[in-house]
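Chemist: Knowing the structure of chain V, use the given hints to seat chains H and F with the ligands on it.
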Amino acid sequence: MSDLQIGGLGLVILIMLLLARVPVGIALGGVSLVGIYTLLGLKPTLGIVTAVPYELVAHWTLSSVPMFLLMGYVCYHANLTESLFRLARYWLSALPGGLAIASVGGAAGFSAVTGSSVACAAAMGRIAVPEMLKARYDKGLAAGSVAAAGTIGSLIPPSILLLIFGIFAEVPIGKLFVGGFLPGILTAFMFALMIYLRVKATPSLAPSVHEQISWRDRFYAFYDTWPVILLVIGVFGGLFGGVFTPTEAGAIGAALSIVIAFLKRSLNWARLRDATMEAMQSTAAIFIIAIGANLLTRFLAFAGVSDFLADVVLAEGISEIALILGISVVYLALGMFLDPLGIMLLTLPIFLPVVESLRIDLIWFGILIVKYLEIGLITPPVGLNVFVIKGIVGDAIKTEVIFKGILWFVVADLITLGLLIGFPQITLFLPELLY
Amino acid sequence: KELKASVHLPPKNNTVADGWEPFAEGVKERTDGEVTVKLFLGGSLLGPKAASEGIRDGMVDLGYVIVGYHPAEFPHTAFINDMAAIGTNALIVTAATTELILTQCEPCREEYKQRGNVYTGTYAVPPMVIMSSKMIDSPEDIKGLKIRSAGAAWDNFVKAVGATPVNVPSSEQYEAQSRGVVDASFHVAASLKTYGLWDMTKDVLLVNVGAYRAINTFAFNPDTWAGLTDEQRRIMLEEASDANFGIAAGYMATDREALEESKAKGIRVQEISDEFKAIRDEYVAAEKAGLVEKGKGTRGIENPEPLIEKMSALVDKWTQIYEEVDGDVDALRERFKTDVISKVDVSTYGM
Amino acid sequence: MIERTLRILARVFGWIGMLGMFAMLLHVSIDVAGKWLFGLPLPVTIEMTSHYYMVAVVFFPLAAVEFRNGHITVEIVSQYLAPRIRRTLIGLVSLLGVVYFSILTARTWHDAVNKYEIGEYLYGTVPLEIWQTRFFVPLGCGLLTLVLLWKAIMMFRGEERLIQEGNESVELDEA
Ligand code: NA
Ligand code: NA
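Residue numbers (my numbering), protein chains in the order written: chain V, 1 to 435; chain H, 1 to 351; chain F, 1 to 175.
Excised from the complex, chain V in its bound form (with noise of 0.2 Å):
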């Protein structure tokens, strides 16, 4: 059996894994060891083993996820979201499907402060994900929209995968950032749009609140939502007036939230440390998987995969947009099993240098891929953002639930991706004017 076959039947143990109820992490972790054993013999495989866990974790800009996930839950613990989704609930009402679309803009706003889809689903599912649930939302509609919606965190700026691929292939990092705000807007839009759409056609999805409010209380909701405005203007603030790095707005939040909700008296020690506990425990369920997501990402790269794509897609006299048709395959294809920093470092030293020989455009092919790695976040098996959420909603839904809610968001991204191929202007529109 070649390198590439083992890789390939690795992946095919890999699902029939998940599906007999391996714990994520496990099923990943293990099926690499076992794939790594096979090409390299056991000292290397040991090897691996010793130094991925720890160097994959001690990591900085990796600490705003519990640091996000916390403040998220002190949101959640001390009341401080339900004035703002009554707030929404009062406004949006009328619209079918307003508290999901409502959940889409929090998250496209969260954007604009973290630089991270993990810690912007986080954030906001332990926030949004409830609420709907007391408004008896479908449970996939509740859970999908905020998973997907957390995908907008690396298109508008700032974005780690943006400055990883502008590291990379040598692009303006400030040029990437303007250009990857309009595909995250276009993105946020076709959310919505979906939602609206999918709740019209199917109202139970979402029971509307069928309650008069006078306009009366419809502005005097804007003032319960102080704490949340107050921390919202905190970690904005902050960001934008240079005082802390969107790694540090972690632990900024957390604190913030931790203040206010004392100051508001709807926090105490018990709540705190449930709080805490809980953040703690969806970061070490997460971890766990990622781990074992970059050992699946060392094991296809001994099994050749890199050079395998390379064959597939890079024909010689390849057309432009047939190079783009085929790169999105592959990243679709990679996206269902790997997260998006190993699928950039298996692919990115392939492709780079033949995009660039074709004279396409870097900051769009930038963005394109981020997009493509976010949709990877939300597609199955292994989807990073779901198992974010599923963390966070413990028993009340199951994974394969928000897969199913997250399918309709997929089809909305596969259509963005489309106009962002078909009008390359809408991602270039903003770098061109401001540099």
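In short, the hints are calculated from the structure, not lab data.
No incorrect hints appear here.
Using 30 Å as the maximum straight-line C-alpha spacing, the simulated DSS-like pairs for lysine-lysine come out as follows:
| no. | chain 1 | residue 1 | chain 2 | residue 2 |
| --- | --- | --- | --- | --- |
| 1 | V | Lys43 | H | Lys38 |
| 2 | V | Lys43 | H | Lys49 |
| 3 | H | Lys113 | V | Lys43 |
| 4 | H | Lys202 | H | Lys277 |
| 5 | H | Lys4 | V | Lys43 |
| 6 | H | Lys28 | V | Lys43 |
| 7 | H | Lys288 | H | Lys49 |
| 8 | H | Lys1 | V | Lys43 |
Here the structure is a predicted model, which means the values were calculated and not measured.
Modeler: Positioned in the frame of chain V, the structure of chains H and F with the ligands alone reads:
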């Protein structure tokens, strides 16, 4: 025989474009295709901190190791890096460091042997400059600025100029400086271009401090190394040395280009004033004075003085040669092969 | 008795993890405040956060997460299985977890001892020892291995209790 090589850097990095790629081509050509090197770039096989042990365990045959990540495992190399105040020209430091470890520092080679990494040579990075979002007309202007230093090892210089060192990872450097979390970055001039710092930099101050040198560019697995013929091992050493000079020259060229392009963008690039020179010289003197203590203390080296002397002597020697050949890279390469590599006994080295 | 011990240990480890959470929160916040207000950063913030707090936050709670069935799975097939078959499946799956995490535990323990012997530290103006944090990984993974082993035994004995404990779910009460 195909050797698997892991490099965590992206394809356009100087280390890859001017080092690993020519190395791979050179090896293939000179062994008539008997040995080829297959590059895995971007860290798909091994991350930067896992490289040393991954090579030892045979996950790959060779790879790029930043030895500075492992000061406890490689105390002598860490100590050589502590000598950053000795020598600033990347080509000269490349030659001096490599000669020191290859031929004059038995305990250095011993530590590589113990850690299962065969040492084949180092390249040095050009000295660092201050890229500031605010104009710096006098040493007064820099006092109290928050400066992102290239790592905790450089904090002392930032403090010496009266600024506050702020630790920001490279992935957040752009964000941090564009939003004003830091006022300036203390790093190689190339990062104006590679990290896009020229978007917000207004003033570049050529303080030229330090030259990072804790690198084993082409670290071999000992079994892979032993499996080569004597002739092939010599080829590896020679190609590695050629490549290291290439990388150092490449970095210097990138720095120059970044500075030229910055000037074209209207950024001020200035040589430092005498006042700044005085501050820098004081810093360098203090660093040198603290070396012996640091070697004995933190690094746990019994007898650090001879190492410092050898390093200084070698920097002097290669400065002279550098001037003789008028900075010509190919001439330096040839001199290094005849002067140093020819004296390495390839039938025993690294085994 | 065995289970009680495991639960107590899991809880203690959970507290250590929580300590990591709070330390991270405080260290980073104070560092930001210090830099912004006084131009005085707290030393080794990034280093402590990455090597001490992060590693503690991720690895110490692993066993507690398992007790709450918080490790993420896909239930797509198993939910339709008869209880007895489902128990056997979960037992087997837990054994698989035992194998995976005992390899992780053994190897990272070996590594931690190694790093202890050489006294691993970070290069910098002030050297920061980090070998201690290497032990967090095998400790967390080790306890998780024991919990998984216990879970497998319970499944084969036919006791449902351990898989019925939910992770605190989102409340579904009336709005
Ligand atoms: Na963002
Ligand atoms: Na996926």
